[in-house]
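Chains as they are written, first to last, in this note's numbering: chain A, 988 to 1386; chain B, 5 to 160.
Don't take each hint at face value.
[Stated by the list, open to error] BS3-like mimics (lysine-lysine), calculated; alpha carbons at most 30 Å apart, straight line: (1) K40/B <-> K1034/A; (2) K1034/A <-> K127/B; (3) K1192/A <-> K127/B; (4) K1034/A <-> K94/B; (5) K1320/A <-> K1367/A; (6) K37/B <-> K14/B; (7) K37/B <-> K10/B; (8) K1039/A <-> K91/B; (9) K1320/A <-> K48/B; (10) K10/B <-> K1192/A; (11) K91/B <-> K37/B; (12) K1320/A <-> K94/B; (13) K1039/A <-> K1273/A; (14) K127/B <-> K1320/A; (15) K1192/A <-> K12/B; (16) K127/B <-> K1017/A; (17) K1273/A <-> K1078/A; (18) K1034/A <-> K35/B; (19) K91/B <-> K1034/A; (20) K48/B <-> K1229/A; (21) K1372/A <-> K1192/A; (22) K991/A <-> K127/B; (23) K1017/A <-> K991/A; (24) K40/B <-> K1320/A; (25) K1377/A <-> K1185/A.
[Claimed, not checked] According to the in silico footprint, chain B covers these stretches of chain A (three or more CB under 8 Å from chain B): (26) 1021-1031; (27) 1212-1219; (28) 1287-1298.
[Said to hold, decoys possible] Cβ pair distances, simulated, as ranges: (29) G1325/A <-> N86/B: 34 to 44 Å; (30) G1172/A <-> S77/B: 35 to 45 Å; (31) R1379/A <-> K40/B: 48 to 58 Å; (32) H1135/A <-> N86/B: 35 to 45 Å; (33) A1173/A <-> N86/B: 48 to 58 Å; (34) A1173/A <-> R128/B: 37 to 47 Å; (35) D147/B <-> A1375/A: 50 to 60 Å.
Source of the hints: derived by calculation from the structure; they are not laboratory data. Note that CB positions come from ideal geometry on N, CA and C, so glycine has one too.
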Amino acid sequence: MSHKVVVPIGPYHPLQEEPEYFRLYVEGEKVVDIDIVIGYLHRGIEKLSESKHFDQVAFLVERICGICSNSHPIAYCQAMEDLAGIQVPEKALYIRTIIAELERIHSHLLWLGLAGHFIGYNTVWMWAWKYREPVLDMFEMISGNRNHYAMMKIGGVRRDILDEDIPALKKTLDDLVPIVAMFKGAVMDDPVIQSRLKGVGILTKQQAIDWCVVGPTARASGLNMDLRRDDPYAAYDMVNWKVIVQEEGDIFAKTVVRILELGESISIIRQCLDKMPKGEFDANVKQIPAGVGIGRIEAPRGECFHYVKSDGTNRPIRHKIRAPSYMNVASNKVGAVGGTISDAAITLAAVDPCYCCTERTAVIEKSSDRKILNGFDLIKLSQDKTEALKERMGHGTIK
Amino acid sequence: MSIREKIKEKLSRAIIDYNEHSPRRIYILIKQKDLKTAVTLLFKELGLRFITSSGQENPDGFEIIYHFSADASGEVISLRVNLEDRKNPKVDSITPIIIGAEWIEREIWELLGINFIGHPNLKRLLLAEEWPQGEFPLRHDHDHEHEHSHEDKKND
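Throw the hints in and build the complete structure from the sequences for me.
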């Protein structure tokens, strides 16, 4: 007799920043189906945008997401620049790149910490979050804010990066290089983490194509795509860096992509600080004509897409926003199904879901529709599995 | 042959208007009846990635724009379709061709009131269950001042 059980995770997940609801249908230990319910954070920003003038919209879209708060403003500003045919001064392009890459570093570190906690590696969690702090300090130095930097405007940036700040920024970046190397060793070379994450939550290349996933989720499934190289914007075509691609599609591959990207981001920022020209950083845009524009950028989670239509007034008449998680979270339909309950928490978290951008979890016994587990139980299950692995592999049980 | 040339050649009979707005941003207005053929060509044959669809209400009716990305060349190919029926807007669903389009079609359906024919799972995505039927918040005639207050009861 088969018991289909539903595991609830959420809506207010104790570990993730935002409300989410996944209804997992399980038979025994195996996840057989998943229901993803979003909308808890739907704030009608696309509609709200129609009531703001073009300069205000940059501030509005910055509030879509607290983690990648810079991604939406850049994509929006690029959409407006495409609409109006605006040339952005070179210095502004470099500053945009620096901000975008700093954001990638802090966002990937945040994810790495959460992922570590989910599998019971609380040291990884605390390290990752500790070393995320200096990145936020750099933001504070540049913009005055640790988050919501308010740096982007149509035609350029709102603040310059001062020459006297550059040595301190470089020093902080240099200090991060050995940290990234440490994470490479501590996470990528750890035999327990490898056996815990390899072969788990696989998204095949074909599934990645079918579900149109983006960012590290796609690159870990063998899709060689990165808008920073493919549709170059800001100063990415003026610096040297490489796109990180892994073939396996499992959670280990997603982890590797993000850790290696940290190193690339540090390198990009260093080059930008060295090459950044002097001069204007704002094109002083006065008028937006009628027309349409598309802007897109490679946010930490993948492609962030903005489409704006203007009728010649000072407000958009349509502003379509598609955040990367919108595509990635939907792909959990294939990523989590077929796996075990103890792998569900880390699998669902592996796409680095950002629900503000898009949007909870329950384990339900199918025959009785009874909830048997909640999010806490799931993470406990996940951590216990790691513990068991450690014991079997002779790695002790130090937490 | 570049992607845009291939599209122009293979869709010559479906294209009403072709516009290269900027070097990597191309907008192609096609006939509504040719939508599925065009989407199949772009996604299945040419291997473009589906980004999203933008539904919008224009003074003369509804329009849906299907954005595709040619990642190899950095181009965004936007297929535009003007919907013929203004009172009762409907269009073929592309979800049977691209599973990744499921959510966005559900979103456009609930926010703009456009029906997607052949969609396998046309139910609410973002709006609460209690949101009144037949009220579409993204339409220009929607009365935001007298919006019904509702409790969020989605969580069971």
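Against the structure, the hints come out as follows:
1. The suggested pairing of K40/B with K1034/A holds, with an alpha-carbon distance near 29 Å, which does not exceed 30 Å.
2. Taking the CA atoms of K1034/A and K127/B, the gap is near 21 Å; set against the 30 Å cutoff, the hint holds.
3. Simply put, K1192/A and K127/B have alpha-carbon atoms about 28 Å apart, close enough for the 30 Å limit, and the pair holds.
4. Note on K1034/A and K94/B: the hinted pairing holds, with a Cα-Cα distance of about 22 Å set against a maximum of 30 Å.
5. Of the supplied pair hints, the one linking K1320/A and K1367/A holds, its CA atoms being roughly 22 Å apart against a limit of 30 Å.
6. Distance hint between K37/B and K14/B is fulfilled; the C-alpha atoms sit about 15 Å from each other, no more than 30 Å.
7. For the hint linking K37/B to K10/B, the alpha-carbon distance of about 20 Å falls within 30 Å, and the restraint holds.
8. At most 30 Å may separate the alpha-carbon atoms for a hinted pair to count; K1039/A and K91/B meet this at roughly 29 Å.
9. Our distance criterion of 30 Å between C-alpha atoms is met by K1320/A and K48/B, whose separation comes to about 21 Å.
10. A threshold of 30 Å between alpha carbons decides the hint, and for K10/B with K1192/A the separation of about 25 Å falls inside it, so the pair holds.
11. A threshold of 30 Å between alpha carbons decides the hint, and for K91/B with K37/B the separation of about 18 Å falls inside it, so the pair holds.
12. Between K1320/A and K94/B the CA atoms are separated by roughly 27 Å; this keeps the pair inside 30 Å, and the hint holds.
13. The suggested pairing of K1039/A with K1273/A holds, with an alpha-carbon distance near 16 Å, which does not exceed 30 Å.
14. This hinted pair checks out: K127/B and K1320/A have alpha carbons roughly 16 Å apart, not beyond 30 Å.
15. A threshold of 30 Å between alpha carbons decides the hint, and for K1192/A with K12/B the separation of about 29 Å falls inside it, so the pair holds.
16. Using a Cα cut-off of 30 Å, the hinted pair K127/B and K1017/A holds, with the two alpha carbons roughly 27 Å apart.
17. With a C-alpha separation of about 20 Å, the suggested pairing of K1273/A with K1078/A holds against the 30 Å cut-off.
18. Our distance criterion of 30 Å between C-alpha atoms is met by K1034/A and K35/B, whose separation comes to about 28 Å.
19. With a C-alpha separation of about 22 Å, the suggested pair K91/B and K1034/A falls inside the 30 Å cut-off, and the hint holds.
20. Using a Cα cut-off of 30 Å, the hinted pair K48/B and K1229/A holds, with the two alpha carbons roughly 28 Å apart.
21. Between K1372/A and K1192/A, the direct Cα distance comes to roughly 27 Å. Compliance with the 30 Å bound is thereby established for this hinted pair.
22. As the CA atoms of K991/A and K127/B are separated by approximately 23 Å, the hinted pair is consistent with the 30 Å bound.
23. Distance restraint check for K1017/A and K991/A: the Cα-Cα separation of roughly 9 Å lies within the 30 Å cut-off, and the hinted pair is therefore satisfied.
24. The suggested pairing of K40/B with K1320/A holds, with an alpha-carbon distance near 24 Å, which does not exceed 30 Å.
25. At roughly 15 Å between alpha-carbon atoms, K1377/A and K1185/A fall within 30 Å of each other, so this suggested pair holds.
26. Counting residues of the segment 1021-1031 of chain A whose beta carbon lies closer than 8 Å to any beta carbon of chain B gives 6, which reaches the threshold of three, so the coverage claim holds.
27. Using a Cβ-Cβ cut-off of 8 Å, 5 residues of the segment 1212-1219 of chain A lie near chain B, which meets the minimum of three, so the contact claim holds.
28. Under a criterion of three residues with beta carbons nearer than 8 Å to beta carbons of chain B, the stated coverage of the segment 1287-1298 of chain A is upheld, 4 such residues being counted.
29. Roughly 42 Å separates the CB atoms of G1325/A and N86/B, a value that falls within the hinted 34 to 44 Å.
30. Between G1172/A and S77/B the C-beta distance comes to about 38 Å, which sits within the given range of 35 to 45 Å.
31. Separated by about 53 Å at the C-beta atoms, R1379/A and K40/B satisfy the suggested range of 48 to 58 Å.
32. Against the hinted window of 35 to 45 Å, the Cβ-Cβ separation of H1135/A and N86/B comes to about 39 Å, which satisfies the hint.
33. The hint said 48 to 58 Å for the Cβ distance between A1173/A and N86/B, and at roughly 56 Å that hint holds.
34. A hinted range of 37 to 47 Å holds for the C-beta pair A1173/A and R128/B, which are about 44 Å apart.
35. The supplied range of 50 to 60 Å is met by D147/B and A1375/A, whose beta-carbon atoms lie about 58 Å from each other.
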